[in-house]
Amino acid sequence: MPEASLEQHNVEIHENYEHWKRKPLLRRVYSQFYQDIASRIIPNQGGLTVELGSGIGNIKKHIPDCIATDVFANPWVDRVENAYTLTFGDKTIGNLILFDVWHHLQYPGEALREFSRVLVPGGRIVIFEPAMGLLGRLVFGRFHHEPLGLEQNIEWNAGDGFHPETPGYYAAQGNASRIFSGDRFRAQLQEWRVTEVKYYSALAYLASGGFRGPQLYPDKCWPFLNGVDAFLSKFPALASRMLVVLDKK
Numbered sequence: 001m002p003e004a005s006l007e008q009h010n011v012e013i014h015e016n017y018e019h020w021k022r023k024p025l026l027r028r029v030y031s032q033f034y035q036d037i038a039s040r041i042i043p044n045q046g047g048l049t050v051e052l053g054s055g056i057g058n059i060k061k062h063i064p065d066c067i068a069t070d071v072f073a074n075p076w077v078d079r080v081e082n083a084y085t086l087t088f089g090d091k092t093i094g095n096l097i098l099f100d101v102w103h104h105l106q107y108p109g110e111a112l113r114e115f116s117r118v119l120v121p122g123g124r125i126v127i128f129e130p131a132m133g134l135l136g137r138l139v140f141g142r143f144h145h146e147p148l149g150l151e152q153n154i155e156w157n158a159g160d161g162f163h164p165e166t167p168g169y170y171a172a173q174g175n176a177s178r179i180f181s182g183d184r185f186r187a188q189l190q191e192w193r194v195t196e197v198k199y200y201s202a203l204a205y206l207a208s209g210g211f212r213g214p215q216l217y218p219d220k221c222w223p224f225l226n227g228v229d230a231f232l233s234k235f236p237a238l239a240s241r242m243l244v245v246l247d248k249k
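Our numbering applies: residue 1 is where the sequence shown begins, and numbers increase by one.
These aren't lab readings, by the way, just hints derived from the structure by calculation.
Computed from a predicted structure; not experimentally measured.
A hint or two may mislead.
Said to hold, decoys possible - Restricting the straight-line Cα-Cα distance to at most 25 Å, the calculated cross-link-like pairs of lysine to aspartate or glutamate (DMTMM-like) are:
no.	residue 1	residue 2
1	Lys234	Glu196
2	Lys234	Asp100
3	Lys60	Asp36
4	Lys91	Asp65
5	Lys220	Asp65
6	Lys248	Glu191
7	Lys60	Asp78
8	Lys220	Asp78
9	Lys91	Glu165
10	Lys60	Glu12
11	Lys23	Glu146
12	Lys248	Glu196
13	Lys248	Glu114
14	Lys23	Glu12
15	Lys91	Glu191
16	Lys61	Glu15
17	Lys60	Glu15
18	Lys21	Asp36
19	Lys60	Glu151
20	Lys60	Glu114
21	Lys248	Glu155
22	Lys61	Glu18
23	Lys248	Asp183
24	Lys249	Glu146
25	Lys198	Glu146
26	Lys21	Glu146
27	Lys234	Asp247
Let the hints inform the model, and build the full structure from the sequences given.
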């Protein structure tokens, strides 16, 4: 997509920051997601903990020593990074976090090669993404501006003419479900151990309206919705969110 789309994404990041400040329920819901991510970080890994595509930098409240990065220079970002051409040295990162970033990687194979370069032996990637269960397809498919991309081919590797330093804007929210649910991409992931795939109904998140939509329940009902989530999340076919843990072999 054109460069204008990338700039629009940065505009959305700043808009999200304003919504974040105004919606305590959203902060509460996201806090649980971040806690789940933080619990999967391998301590004393011998490398840095880095988040790619940090957006408004919320991860630091739960992982204070995490280095927040994005393709845009913003006050809450520690350094500017591009997933395809990271400036980190070989084997310097122990844990790599991607929150709503995987579906922006048009060429996941190219990104994984770069991730493998910077990760220490046994290093970990924690991915948090939309899931294409019933709730995910319904809500993200109808009410989110980014496409699901379920009918598009996933281009694992880039062809000739790819410029990793200027990859452009890309989004396909269904890519994590397509790649990590089932065995279709097992051969492409042979350098990685898919240690965990966890699904969430995330009903409390969906009904919060996210950053841009209307909040559909009062704050005081969050514990009840959270309890419903705990039950519904036992059924991946309903999921709207997923967490994936990849360990470098």
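inquiry  = Checking each numbered hint in turn, tell me which of them this model violates, lowest number first.
reply    = 5, 8, 19 and 24
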